[in-house]
Amino acid sequence: MRRRSSLAVLCLLTAALVSCAGNTSDQASNEIVIGEFGSLTGTTATFGISTKNGIDMAIEEVNKAGGLLGKQVRVIVEDDQGRPEEAQTVVTKLITSDQVVAILGEVASSRTLAAAPVAQQSMIPMISPSSTNPRVTEVGDYIFRVCFIDPFQGFVMAKFASSTLKVLNVAILRDIKNDYSVGLADVFADNMKKMGGTIVSDESYSEGDTDFSAQLTSIRARNPQAIFIPGYYTEVGLIARQARRLGMTMPLLGGDGWDSPRLTDIGGEALNDTYFSNHYSVDDPSPAIQNFVSQYRTKYGETPDALAALGFDSANILFDAIRRANSAESVKIRDAIAQTVDYPGVTGKITLDANRNAVKPAVVLRVRDSKLEYVETITP
Amino acid sequence: METFLQQVINGISQGSAYALIALGYTMVYGVLRLINFAHGDVYMFGAFMGYYLANIPWIESRLGTSAASAVFVMLGAMILSAGLGILIEQFAYRPGRSATRFTLAFWFGVLGAGGGQLVGQTFASVVLGAVVGIAVGAVLEWLGIRPVRQESRLALLIIAIGVSLFLENGGQQAFGADPKFFPQIIPTTSLNIGPLNLDSQRVIVLLVSLALMVVLTVIVQYTKTGKAMRAVSFNLDAAKLMGINTDRIIAFTFALGSALAAAGGILVSLLYPRIDPLMGVMPGLKAFVAAVLGGIGSIPGAMIGGLIIGMAEVMAVGYGQSTYRDAIAFVILVLILLLRPAGIMGKGMIEKV
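So the protein lines, in turn, are chains V and D.
In this text, residue positions in the first sequence follow this note's numbering: the first is 1, and each later residue adds one.
In this text, residue positions in the second sequence follow this note's numbering: the first is 381, and each later residue adds one.
Hints in this document: simulated from the structure, not taken from any laboratory.
Computed from a predicted structure; not experimentally measured.
Over 10 Å on every C-beta distance to chain V, these chain D residues come out as not near it, computed from the model:
1) G606
2) T626
3) L718
4) P721
One side only, chain D facing chain V, incomplete, derived with CB under 7 Å:
5) Q386
6) Q387
7) N390
8) Q394
9) P559
10) N577
11) D579
12) S702
Beta carbons are placed, not taken as given, at the ideal position from N, Cα and C, and that holds for glycine.
Just chain D, with the same shape it has in the complex (with noise of 0.2 Å):
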């Protein structure tokens, strides 16, 4: 008994985590009606961003006894990823949006040398890579996209992916690929309740999962800004032509997402101090399968996702087999789709034809 609480304290450890992420994934979704696959990739961008911010000689000298220090590099990390998260929606989606011949062939242009790299890793493989890329998307662009030319949901997520893979070859290249060990900015105490064992930091993990899953509540449905953003969500013309910026408000919804991605970044690697470039792309996947869990779009659904997710893990470890791990998820998610595609949060939507 007293070995299942623990593990059900390790499940909701685990899946505050997820659901950290799942938070910025949802709402980005909630707005745009865009799987942002590189959510994870920004992730990973918070937790390095904290690592060097944290490793700035004063404050480092400071860390674990004064709590400024570690809210500076929380929130420092938090204000520059959103930096990022404005650039990649100025310089990838928002041309994305239009679809022009230019943009699509860039973008796959990137997702070509992105190719190359991983294939052949010299000079010439990324630039054989990048010109089959553009040329492939030069006549996607010619045969698919202009006889439509309009907002293309196709085209954003090839986008989407491409920065994913752009964020992460990227990280290898500036940040080094071998692991790095994340500082200790809040130190850990541990809570003992009889033989069970609860530590600050996941304590931490779990109420600012919370917190932030109640503060992005108040933005989305209770400010001007959440009311622009629902209006953004249901119908971006019409919120047009009301007088609303949508380029700001999704400008704005991607600063917000890639905040939270960082706080996560952060908080997870207080857990789990070790980062590297591709952190991302396993957490990123679960943490997309927390919100279609909970009903993509929900925000309270990505928490209620996210813990589900993390104690189906740890059940399936410490009571079944440590290969199935990273299975699990993905068994969820095959079965959501097919028993409840909308999610547990979710309402259902008619789609217009």
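Excised from the complex, chain V in its bound form (with noise of 0.2 Å):
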């Protein structure tokens, strides 16, 4: 009796074992398998999350028509924790064990640097929804973008913050360990200078950190009249708390890292007076935005952010290049990428540039009372 129940456990791990193992190795060939990976968990989940239902929608869209190539779209996701050497490892994954044409991800430029390098080795193309350091697509010629890049997105906030709101004397707070945040603090930095504006002062905190009195103090003795956050929501809202608290009113600024429904959650009253640079802003009247908005609305319950969007649009840039290259050959599909001219995105007219870049105006937004509001549109 003893004999058999242990040799039962056995037969047990082994089929988990096998199955676990084993999967998608033979693929069907009615359909087309593409990867996709991003922080799902961590404390970035709502880029993840917003990015996969912005996939998704487009997923289901081209599937109801009658799929690609009359074959129907199946996308494998991967969480990477929002960890830089998880991405790489998943991506590994995606490419060598489910043989994935293409790849979508990710958010946070770190993690898209860390995973681009495995993509281009295995000629794999990855377009990145919404990584916006310019470094991503220097990694080779099958790392493409939708979204503008931190050169740009630094010089709308240097110019708002000089023309719309005119303050000169500008801090910066950045998170040092951080690709998009390093590289976005810099570039509002020689903008600002350009623009006759001084950075009267210069911090930093990492990600993870809960408590920014220090640098925040040291920020007030400079009495700056704005200070520039280029992080993610969930530090940006501990840091606006702290700043009101400290006393300090002066407007906050931002870039598209701050977009998420999770950012007034946490940020709350303290974040009035803030304002942040978007990719698209949900009160544009266009009926393409208010189709998506509508619809995302429908089958989500919630208002699409712009990571959202720009899920929405990268995966219907692959497919537009699936079909134009009529081929699901990676090789094939990177060529017709290439060649996206004057796609009709939700968040503009997509053109990739001979840098792999999505050349689009930027919008800046305002919070009020935990609501965004649109403030104007800069156009490069």
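Starting from the two chains in their separate frames, assemble the complex, guided by the hints.
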């Protein structure tokens, strides 16, 4: 009896191992398999979840309309938990074990940068929906993005600060371990100086910190008229609270990393009088945007942030390329993506330039009473 | 000068947060000579219990207006965490004190499963990790523990790490891995002294940690249970012979320590209202350093140690580089171990051989 039960346990274990190890090795030929990786958990979880929602919507639409090249599209999603080293691992898995033809992801530049070399070496095209650091597409000719880049975003916020808010003495508080934040802070500082402004203080923190009062106290001593915080929403919410608590009432400025439904949960009233640059505004009356917003609301019960819209666009650009290439071969898909011209996306007309970046205008949004308001559009 | 004074206030408020966690660490060590590495995770558990209690609709509608609701959230989370502490003691540490093959193998299994979860994230890797862990635990027991056949400090330490991993990964499963916003159960009011800012929540955290320090000292020094705790700490076997129910005293110690951790979790979450299942890792380590710095086992020492670590961090960030923030506590740990291993308030101990 005892021997038999241990035999049963052994069988169970073997079955578990086999079932987990050997999936999807023989792909059905009636589907096109693409990969997606993102932060579905961790401190930037809404980035991954919004993007996934957008991509899922695009896939559902294309499959309803009969699929691509007569085949259904299937996406394999991997969670990188918001960790760059994990991003590299899961992309390797998507390419070698799942044999996807193309990859969508990531939002955060640090994670895209960690995974991009793997895609480049394996010659699998990868489209980042929303990584804005310029180095992302410099990895190689298989790496694309459908959003603007930080040199432009930094210019937008510097221009907004100097011409619309008319502030010249600005402090910076950057996330020192984050490629996106450091890059954006540098560009903002350069542009600010060109426009006659001064950076009176430049402080830093690290993702995951909860206490920012030491940095904010140092900044307060320099009396800036505004603070530029190019970080992600979790920290930004806490920073805003602690700044207001220290009696600092000046406007806070940021980039698209602020965009999350969770931003105002964490920051609350402290976020009044703050502004950030973004990829689109849900208030935009254009039919393409309103159509997308209402469909997204019906499906997910919340307002789509820019990351959802970019996820949707990145998937559609990939499908458009597969259609034009008339093939699901990675090399041909790459060539077709590179030739994308004036694709009518939700976040604007998308044309990919010679450096595989999208050239698009940016909008500036204001936070007021936990709602986002459109302020202005700034074009390249 | 004004900036410096504000930084001092920032340092004290960060330090009192560490001190709150360090109090529980040091008390459990003082009685059991066990570094309870799961302490930071019980702190996390307490914060989450507070979060769920505060989200009960009936409570939520009264938050910020009635002090009773804040007290309910606080005490509720402390009681639930004390319960968790007793469970951990019952199922992990108590069998560990006699270190049978079963317990060591069991906790190595948990450790292995946690490792498997971290590495592979599939069901198979967890099972494989658990199997390897159980095998390693059984072999270790056979080679290392059985010949000694007595209470094993090493086994307890490994169990503590296993419990810690179990709570961290279990927390990610149970509460979800994305951060949550902790509700403001006590409204903030700004108190400004000239240009210096000092809000009500910072004052509350400092006052509560001082009050808990006094309460703990009274419990340990002046009550009958406290006397029994000190007896257990002095010599477990002799205490048993004197008719002290040592298992009950140890369970009480854990319950008290866990309730303290929960109080810390909630108060710190008031200051920094973002909670996630891994929030206890770093503060737990730093509070451990604070306890060692103050002299592990010494209750006022934990308070002083916490304040010093908090102050050192804030000064490093305010006048140096923010990247050194996490390093500074561990530099202090190395220095204190080299220069004065017993800590500031600790008494040098003579090991009996």
